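Going down the list, the sequences are from chains A and B. Counted from 1, the first sequence has number 289 at position 289 by full-length UniProt numbering; the numbering is strictly sequential. Counted from 1, the second sequence has number 207 at position 207 by full-length UniProt numbering; the numbering is strictly sequential.
Worth flagging that the hints you see were computed from the coordinates, not collected in a lab. Accuracy of the hints is not assured; some may be wrong.
As the list claims (entries may be wrong) - Partial pick of chain B residues on the chain A-facing surface, computed with a CB cut under 8 angstroms:
hint	residue
1	P25
2	H46
3	F47
4	A51
5	M91
6	E112
7	V116
8	P186
9	W198
10	A244
11	I263
What you are looking at is a predicted structure, and each value in this text was computed from that prediction instead of being measured. Just so it is clear, CB atoms sit at the ideal spot from N, CA and C, and this is done for glycine as well.
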Amino acid sequence: MTDTVAIVTGRRARRPPARVTRRRWLPYAYLAPALLLYGLFLLVPLGRAAQFSLYEWDGLGASTFVGLDNYAAVFQSAQLREAFAHALVLIVFFAVLPLALGLVLAALLTRARVRGLGFFRTIVFLPQVIAMVVIAVTWRQIYAPEGPLNTALRAIGLDSLARAWLGDYDWALPAVGLIGTWVSTGLVTVLLMAGMARIPREQYEAARLDGAGAVREFLAITLPSVRGEITVALTLTIVAALKTFDLVYVTTSGGPGTSTTVPSYEVYRLAFTIGEVGAAAAVGIVLTVIVFLINAVVNVIGERR
Amino acid sequence: MTVSRFETAANYVILIGFALVILAPIGVIVTLALGPERFSSGGGLHFENFARAWEVGRFGQYMATSVSVAAIVVVVAVTASILAGYALGAMTFRGATAFFYLFLLGIMVPTEAFIVPMFFDMRSLGLTNTIWGVALPQIAMSIAFGTFWMRTYFRGASRELIEAARLDGAGSWRILWQILVPIGRPAILTLVLLTFMWTWNEFLIPLVMSPNGTVRTAPLGLAFFQGQYTQGTALLAAGAILVALPVVVLYVILQRHFIKGMIEGAVK
């Protein structure tokens with residue numbers, strides 16, 4: 001059928017005919033359940049969020065159309081600007097630091113013949129499968145004033161460093177960030193190891209013959225070969241950093257003051273605590289745009305040769 | 001290739017050091033969970049903390065909710081994903097590429113972007129504080145990833161096998177369930193595991209969708225337990241372990257699939 005049409009119209013069919021079926025409506029029937037659920041419970045709410053963001057509404061009474069005022073508020077409100085700045089700091093802890101650590105670890109581990117790599121891989125992924133709430137509860141205990149971290153610091157004579165980590169205006173954000181480093185480093189390392197395992201050994205041998213040292217070898221062979229893995233790792237961890245909600249909710253609730261608040265926490269607070277539904281939707285949309293932009297930038301850089 | 005002894009030794013040091021950093025917090029929570037509830041109650045291992053936490057923290061009830069939500073999300077999302085992935089991966093039709101990108105969008109969109117209108121619209125439909133209010137948004141999110149995942153599998157499935165089955169007179173439905181699904185078990189199993197894990201660990205959706213706490217899942221139970229129960233850390237730690245355990249046990253048993261899934265599904 002398709003061929004006849006192509007001959008009659010003088011155009012060549014662009015694609016091969018259906019492999020599984022010739023009935024035209026069938027693919028749509030298979031697609032329908034997924035499309036319906038996905039459309040109704042993700043795409044429609046997403047569109048509604050864009051709509052909500054143009055109104056001022058307390059969630060109960062009448063709503064007022066305010067145009068882009070909610071977006072202007074995102075950039076004018078000190079607390080919201082601060083939340084986005086904190087998200088950038090968290091990117092350092094969730095993505096940049098794990099990438100640096102992961103590169104070193106993966107490079108060492110791939111080149112070496114060591115026993116127990118399987119066990120190591122299993123261990124390193126554990127933080128990825130444990131619920132963030134559990135991780136947050138655990139680290140709260142570790143950071144507690146009388147917790148293991150301070151006990152350890154006092155034991156080695158660093159009493160002056162001991163403090164209520166999550167209650168400290170300067171230290172709370174890095175303390176939360178380090179939990180992210182703990183969670184992400186394993187994922188990044190294993191991703192990079194998978195990439196590095198594919199590099200042919202001969203390349204390294206050739207480099208060694210040319211007299212390249214370990215550092216040169218790493219910069220000239222290893223690093224360029226894992227560009228793709230770096231891209232994936234950065235995309236994943238940056239998005240994780242930007243979406244941190246449960247970690248902040250359980251460890252600090254954004255405090256002390258507003259020193260650890262993040263955009264996702266602001267979405268929750270604005271909509272469900274103080275009843276600024278439109279503003280909350282606007283923050284959500286801005287966050288989404290940022291996630292998309294960062295994804296795009298990372299991917300463009302990752303694919304450029 | 002020879003690697004110097006020094007290098008090997010250094011590698012072990014790094015490997016062990018890193019493993020310790022990963023394991024230390026887990027060790028802390030296990031130690032706390034097995035410790036005395038109050039300092040006065042003496043030494044030894046206190047396994048009764050788990051039973052006490054189960055009761056005091058009402059984890060029995062929360063786990064049951066989590067199991068129900070996870071079962072609904074996994075069954076519905078995986079089935080819908082298999083069907084949609086089959087259409088996108090093994091059939092040619094107008095708009096296939098556009099549909100693919102539409103699903104891809106859902107993988108990247110953060111929950112925060114749609115949770116606010118979702119709550120208010122679900123409330124007007126009377127679905128908040130019901131199991132469906134908690135499950136449906138997660139079904140939608142899982143379908144985005146699942147369709148992408150299954151499409152990749154069906155694209156790679158053998159053409160010859162499909163052609164042969166078709167010549168034998170099998171329709172598309174039979175080709176899917178009697179040929180492709182059975183040989184695609186590893187891919188489907190990985191999808192089931194990841195969907196289960198993400199659903200079990202989800203926090204924001206159950207928090208928002210059940211404001212009065214009738215459909216409280218285990219992670220939320222833990223967060224509220226921490227808020228209310230401040231006398232001792234032993235029960236809280238025991239509760240934390242109870243919440244993490246189902247996924248961790250599954251992970252340890254099926255870690256090959258999990259790691260493969262985490263690396264290949266790294267798009268999420």
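To see whether the hints hold, each was checked on the structure:
no., hint, result
1, P25, "holds, 5 angstroms"
2, H46, "violated, 16 angstroms"
3, F47, "violated, 19 angstroms"
4, A51, "violated, 19 angstroms"
5, M91, "holds, 4 angstroms"
6, E112, "holds, 5 angstroms"
7, V116, "holds, 5 angstroms"
8, P186, "violated, 17 angstroms"
9, W198, "violated, 10 angstroms"
10, A244, "holds, 4 angstroms"
11, I263, "holds, 6 angstroms"
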